[in-house]
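Colleague: What follows is the residue order along each chain.
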Amino acid sequence: MTDNSKTRVVVGMSGGVDSSVVAYLLKQQGYDVVGVFMKNWDDTDENGFCTATEDYKDVAKVASKIGIPYYSVNFEKEYWDRVFTYFLDEYKKGRTPNPDVICNNEIKFKAFLDYAISLGADYVATGHYAKLKRDAQGNQHLLRSEDMNKDQTYFLNQLTHKQLDHVMFPLGGMVKAKVRKIAEKAGLAVANKKDSVGICFIGEKNFKEFLGNYLPAKAGKMMTIDGEVKGDHAGLMYYTIGQRRGLGIGGGSQNNDPWFVIGKDLKKNILYVGQGYHNEHLYADRLVASDLHFVNDISDRGDSFRCTAKFRYRAMDVDVTVHFNADRTQMTVDFDDPARAITPGQAVVLYDGEECLGGGIIDAAYSKDRELQYI
Amino acid sequence: MKQVYFDNAATTPMAPEVVEKMTEEMSHNFGNASSTHSFGRKARMTLDQSRQIIADSINANEDEIIFTSGGTESDNTAIMQTAIARKKLGKHIITTAIEHPAVLKTLAYLETLGYEVTYLPVDKNGLIDLDEFKAALRDDTILVTIMMGNNEVGSHMPIHEIGEILKDHQAWFHTDAVQTYGLLDIDVKRDHIDMLSTSAHKLNGPKFLGFLYKRDGVNFPSFLRGGEQEDKRRAGTENVPGIAGFAKAVSLLTPEVKTGMQKKYMGFKQQIIKGLNDADIDFEINGSLDPNNLQHVFNLWIKGVSTYVMQTNLDLNGIAISGGSACTAGSLEPSHVLIAMFGKDSPRISESIRISFGKYNTSDDVDYLVSNLVQIIQRLKSKETVK
Numbered sequence: 001m002t003d004n005s006k007t008r009v010v011v012g013m014s015g016g017v018d019s020s021v022v023a024y025l026l027k028q029q030g031y032d033v034v035g036v037f038m039k040n041w042d043d044t045d046e047n048g049f050c051t052a053t054e055d056y057k058d059v060a061k062v063a064s065k066i067g068i069p070y071y072s073v074n075f076e077k078e079y080w081d082r083v084f085t086y087f088l089d090e091y092k093k094g095r096t097p098n099p100d101v102i103c104n105n106e107i108k109f110k111a112f113l114d115y116a117i118s119l120g121a122d123y124v125a126t127g128h129y130a131k132l133k134r135d136a137q138g139n140q141h142l143l144r145s146e147d148m149n150k151d152q153t154y155f156l157n158q159l160t161h162k163q164l165d166h167v168m169f170p171l172g173g174m175v176k177a178k179v180r181k182i183a184e185k186a187g188l189a190v191a192n193k194k195d196s197v198g199i200c201f202i203g204e205k206n207f208k209e210f211l212g213n214y215l216p217a218k219a220g221k222m223m224t225i226d227g228e229v230k231g232d233h234a235g236l237m238y239y240t241i242g243q244r245r246g247l248g249i250g251g252g253s254q255n256n257d258p259w260f261v262i263g264k265d266l267k268k269n270i271l272y273v274g275q276g277y278h279n280e281h282l283y284a285d286r287l288v289a290s291d292l293h294f295v296n297d298i299s300d301r302g303d304s305f306r307c308t309a310k311f312r313y314r315a316m317d318v319d320v321t322v323h324f325n326a327d328r329t330q331m332t333v334d335f336d337d338p339a340r341a342i343t344p345g346q347a348v349v350l351y352d353g354e355e356c357l358g359g360g361i362i363d364a365a366y367s368k369d370r371e372l373q374y375i
Numbered sequence: 001m002k003q004v005y006f007d008n009a010a011t012t013p014m015a016p017e018v019v020e021k022m023t024e025e026m027s028h029n030f031g032n033a034s035s036t037h038s039f040g041r042k043a044r045m046t047l048d049q050s051r052q053i054i055a056d057s058i059n060a061n062e063d064e065i066i067f068t069s070g071g072t073e074s075d076n077t078a079i080m081q082t083a084i085a086r087k088k089l090g091k092h093i094i095t096t097a098i099e100h101p102a103v104l105k106t107l108a109y110l111e112t113l114g115y116e117v118t119y120l121p122v123d124k125n126g127l128i129d130l131d132e133f134k135a136a137l138r139d140d141t142i143l144v145t146i147m148m149g150n151n152e153v154g155s156h157m158p159i160h161e162i163g164e165i166l167k168d169h170q171a172w173f174h175t176d177a178v179q180t181y182g183l184l185d186i187d188v189k190r191d192h193i194d195m196l197s198t199s200a201h202k203l204n205g206p207k208f209l210g211f212l213y214k215r216d217g218v219n220f221p222s223f224l225r226g227g228e229q230e231d232k233r234r235a236g237t238e239n240v241p242g243i244a245g246f247a248k249a250v251s252l253l254t255p256e257v258k259t260g261m262q263k264k265y266m267g268f269k270q271q272i273i274k275g276l277n278d279a280d281i282d283f284e285i286n287g288s289l290d291p292n293n294l295q296h297v298f299n300l301w302i303k304g305v306s307t308y309v310m311q312t313n314l315d316l317n318g319i320a321i322s323g324g325s326a327c328t329a330g331s332l333e334p335s336h337v338l339i340a341m342f343g344k345d346s347p348r349i350s351e352s353i354r355i356s357f358g359k360y361n362t363s364d365d366v367d368y369l370v371s372n373l374v375q376i377i378q379r380l381k382s383k384e385t386v387k
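Going line by line, the protein sequences match chains A and B.
When we follow full-length UniProt numbering, the leftmost residue of the first sequence carries the number 1, and every step to the right adds one.
When we follow full-length UniProt numbering, the leftmost residue of the second sequence carries the number 1, and every step to the right adds one.
Mixed in with the good hints, there may be bad ones.
[As the list claims (entries may be wrong)] Cut-off 27 Å, straight-line C-alpha distance, at most; resulting in silico cross-link-like pairs (DSS-like, lysine-lysine):
#1 A/Lys61 to B/Lys381
#2 B/Lys381 to A/Lys6
#3 A/Lys27 to A/Lys61
#4 B/Lys207 to A/Lys57
#5 A/Lys208 to A/Lys77
#6 A/Lys77 to B/Lys381
[As the list claims (entries may be wrong)] Residues of chain B placed beyond 10 Å of chain A at every Cβ, according to the derived structure:
#7 Val4
#8 Ile53
#9 Asn61
#10 Tyr119
#11 Phe208
#12 Gln271
#13 Tyr308
#14 Thr312
#15 Asp315
#16 Arg379
[As the list claims (entries may be wrong)] Over 10 Å on every C-beta distance to chain B, these chain A residues come out as not near it, computed from the model:
#17 Val73
#18 Asp265
#19 Asp291
#20 Thr332
To be clear, the hints were calculated from the coordinates, so they are not data collected in a lab.
Each residue gets a CB set at the ideal place from its N, CA and C atoms; glycine is no exception.
Please work from the sequences and hints to get the whole structure.
Modeller: In structure tokens form, the structure reads like this:
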């Protein structure tokens, strides 16, 4: 067995079962393991309750049990400046951002990685479900996880191979059920803790109420593409493309199909709605994305190439053709089959088989050269 | 891994003599000092003897010493009970901006009850200005609570001068002496101190124990209500073995021993300064090197190196220093002391560490600290960041 004791690994411990098992496994493998809890958001309520405090207590319990030192680092300012500000700006533009993608790129694998290196770490390890593989040139490649249901490459798509050089994802080859079993067997206090849901800073709070605390909501008209007024909306930022809940319109019109958000006109402050899950205005065959990041240089694939793509977390892959613009700051992605609810602000992530190539942020969706959604 | 402890302002290891004394008392003297049988009398005797040793150490009478659970309870008792007992005389209290939270939070609570508190600012050396103090003093001031020495930067407040000024004023004078008791020479009569708080675990004694000195003539009811222990001034059965250990710790600290510690710690400071200078480390002292300041507290601004990173790196190498007080999620709160001294925008707030020496630290320990500091700082300065 190789001697890992001279290799320091800083584990980003959240107090959840995944990162706890990561710390446990690495310690078993003889690494010099250091647990660090990241505090990115302060949600202390009027009773002094703070999720981070509770989670940190779990980190302390687990780390003590495993026998590793543990610390906490505060990135509230960095998170606010680099992630939350972006999140609000996107909502102001009527888009639906994915803060977890930005958090990975700006906080977990930048600020936190730098911090770990300042502690003398050779690697950072996290509980993400994704695999890493080094090629003959020594470059890291990002691959989908063994547990297809848990695969988190979608959120990791903006990382470069340089960032990944210093990263370990020990759970990439494991299924979640096994992770829980390991935690149970090791007697980790968090073995049965439930998985966190939602965006980290919002948690299980009421999203509408949360957003309303930061951005002024401007109510307006809700209408069909043909201009028929169907009611009022509470503020465009509260709605996302393809959303059904919270519109407050019954069936009616030609049939009893439910109503969905199909577009927004930011200038006129209009929310467009249409009937039917499969409403034609919800289907796009092309998107344009910018803010492109690729794990490795992909220029050898040329200015256009075939691959698969995901437009949201846990969605099925779609066969696509990618075309770059001249300076490769933008890409057009053509889908073989129309896809539903392509949402500006979300990530489009490209895959070649098991490998996640990288991706960008969706700016616009098109159907037969006609721009959808009017954002 | 070698382990070295330089966080003695937080707590100290118990002296072996104290452990021995307490073990003896716990094994053979378990009685309740309030009981009227032989077991009780034996405990009472130990309690009385211990109280005398402790009273002598600050030139007080033995009936002026009330044992408490420590510095926090002593501070709370002195401040809350004075405020309540004297509210007819006024509702104004004077303190400083750099007191321990046991004082500041108690005063903040009193403010919600309608009391008025003046927080004296401090200069870059962590000291108040006596003229500002005199100007703040009013006819309705009922209490002045000013720490003897600061736990973060080691500034030593002009206690004697404050005592002199207050000699002919109605305000009672309380001082939190948690960091100075056991290190500096304290004389409550000389300095006209009415109340004084201490803690046993800062001077190699047991935790959860301290005393409040309350001058004869300073009267208020017990903070904790219950039994009639401590002459009805603090309810709750006395921790006699702990108190015996406390007295033992105090008796070990003779004037000669204290002078020796002061000299040793001043030498440590010079050793660190030289070591850092020799390695061209860019740093400044937060506070002053004045030998009258607390010799055991050394607060350094290491330019460009975050407190978190420094403290964690040292800990990973087995060296304990302080980066400030931990808030609930384990992160560090910005120091209210450094903010009061340098303003909230100073880089010192996030780039400073506190080294605090104790009785058992050696010059070799300091060498080890310095070589680790230098090595860590040099590595950080040359570090490559990703991207």
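Colleague: So which of those numbered hints doesn't the model satisfy?
Modeller: 1, 13, 14, 15, 16, 17
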